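Chains A and B are the protein sequences, given in the same order.
Final position of the first sequence in this note's numbering is 299; the numbers increase by one with none missing.
Final position of the second sequence in this note's numbering is 1064; the numbers increase by one with none missing.
Derived from the structure by calculation, the hints contain no laboratory data.
Just so it is clear, the structure is predicted and the values come from calculations on it, not from any experiment.
Treat the hints with care, as some may be off.
What the hints assert, rightly or not - To give an idea of the interface, some chain A residues facing chain B are shown, with a C-beta separation under 8 Å as derived from the structure:
no.	residue
1	Ala141
2	Arg144
3	Gln147
What the hints assert, rightly or not - Straight line, CA to CA, 30 Å or less: simulated BS3-like cross-link-like pairs of lysine-lysine:
no.	chain 1	residue 1	chain 2	residue 2
4	A	Lys215	B	Lys822
5	B	Lys758	A	Lys298
6	B	Lys890	A	Lys131
7	B	Lys761	A	Lys298
8	A	Lys50	B	Lys865
9	B	Lys822	A	Lys298
10	B	Lys890	A	Lys215
Glycine residues also receive a C-beta, built at the ideal position from the N, C-alpha and C atoms.
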Amino acid sequence: MKRFLTLVLREVRHYFHQPLAYVVLFFFLLLTAANFHAGLIALNRQPSQISVLEAFFNTVLFWFPFVLIFPLLTMRLFSEEYKLGTIETLMTAPVRDGQVVLAKFLGSFVFYVVLWTPSLLYFVIFRWLTGQSAADSFGSYIGAYTMLLLVGMFYLSIGCLSSALTKNQIIAAIIAFALISLMFFLSLLSFFFLKASSALREFTYYFSTIEHMGEFSRGLFDTRPVVFYLSMTLFTLFLTFHVFQYRRWKN
Amino acid sequence: MIKVEKLTKRYGSVTAVDEINFEVGKGEVVGFLGPNGAGKTTTMRMLACYLPPTSGRAEVAGCDVFKESLRAREHIGYMPEHVPLPQDMRVHEYLSFRAALKGVPGRRIKERLSDVCDLCGLAEVERRMISALSKGFRQRVGLADAMIHEPELLILDEPTIGLDPNQIRQMRELIKNLRRHHTILLSTHILPEVEMTCSRVIIINKGRLEALDTPENLRERLSSEGEVFLEAKTEDPRALAKLRSVRGVKDVVQKKIGEWTRFILHVESDPRESLHALAVKEGWPVRELTRHSATLEQVFAEVTQPEER
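Chain A on its own, in the form it takes in the complex:
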């Protein structure tokens, strides 16, 4: 357990040792702030059913940087170690392969959480300036941020898998981006089938990230997406573990 924590800490530190982390943090903050700003302007123009929180989490301006962020966060994880050869020193230390995979995943997750933390400030400032709550209920905050973490876990695990596949960071980023976009665009299917039979619509709902976020940010808590993202994350990490082991053993 102590070794595992050492590994996680190392991964988290690695993020903050590199300029990429600060570049990502800076531009991500800029984009989410722009998104928040755009949401407020749109809501000011006419009366609307949705809350400020919903406006923040359900726009193109939110989803666009959201999908882009994962390849950047994860491309380095394994690829860099393959490239530098440090995987050899790492794997000849008494640590298990599974520990390494989990530590890398958790490390990226911690950075992901750090990335999102400043966004909470927007709602605090909004309340402080306007005296109104940004959402209809407190559950909306919990729902939106829970969904943020769940989808984040799944997409980060896809990034881990891509990085474990190659020693080239660019290729890792492209694979991650392709897989994540694929998963994301599948969620548009449910809008495509809006008028289709209820069974088909019901089915597409299972993997419609956009719809999940819509519901959760309204404060509606549904266990189906929770199970979906957790199990998909575990499955992808399981694949990552095997790819990692296979790569090590074949060469």
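Given chain A, work out where chain B should sit, using these hints.
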């Protein structure tokens, strides 16, 4: 300490290591020699639990490297070829991280860190970024990492490659000092280094074990055949024939150096005593009579490329 039985590694159809057997006892310093691509690194990687063997088995400190890999790794300090190091850390950060990873208890990390830094001469660069270190220092960081958890066995894959002659000498001194506390298996291309530091030598070629002995014995193997130089003052036209008739001499060549003649004798055994007797009998003044004994370099060449002799 190390027990290797029929260890084999195949990459697809290529056999990198082919059924090698050897044992290394506690406290030995064993040199691992072979041309590039002979299977040295592959063997060391298998011993360090990085690669699983295709067949056969290897034991380190009583633990099977495959079945009890984690326990075996605790006994091994491994320094890979070219010493891969992360670029984003400082020397002391990296070594503390490695110590914690290898299970050195938290309260002892500081002590171990200063010990290995003193031993490897890293004290002056302890706070520097690894990416800014010279090759020699990187090599030492790799060595410090290998021994930070006080392993019984050190596996060093070409610890002196890419170093300048001064650094090689320092590295050699360092390894000599480590002998007292560790069993060491090191691979190298530099043969004098092996002669100076190692108690035994393993030579492998094309994945096969070609020789396993002390450097002295290996040299002895070759030295029955060799060259003897005799420099004498003689005008005797039959000198060559007389020398040829001495037992053990296969062939003689001569070369005039002023009034002296230098005979180069190819010999099977050591005929120096008879040569001396002959020179005395003939009344030749002699100024040199030496046997050129084989170096490990010749042993290496003979063992690894027999067809070229």
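**Q.** Hints violated by the structure (listed by number, smallest first)
**A.** 3
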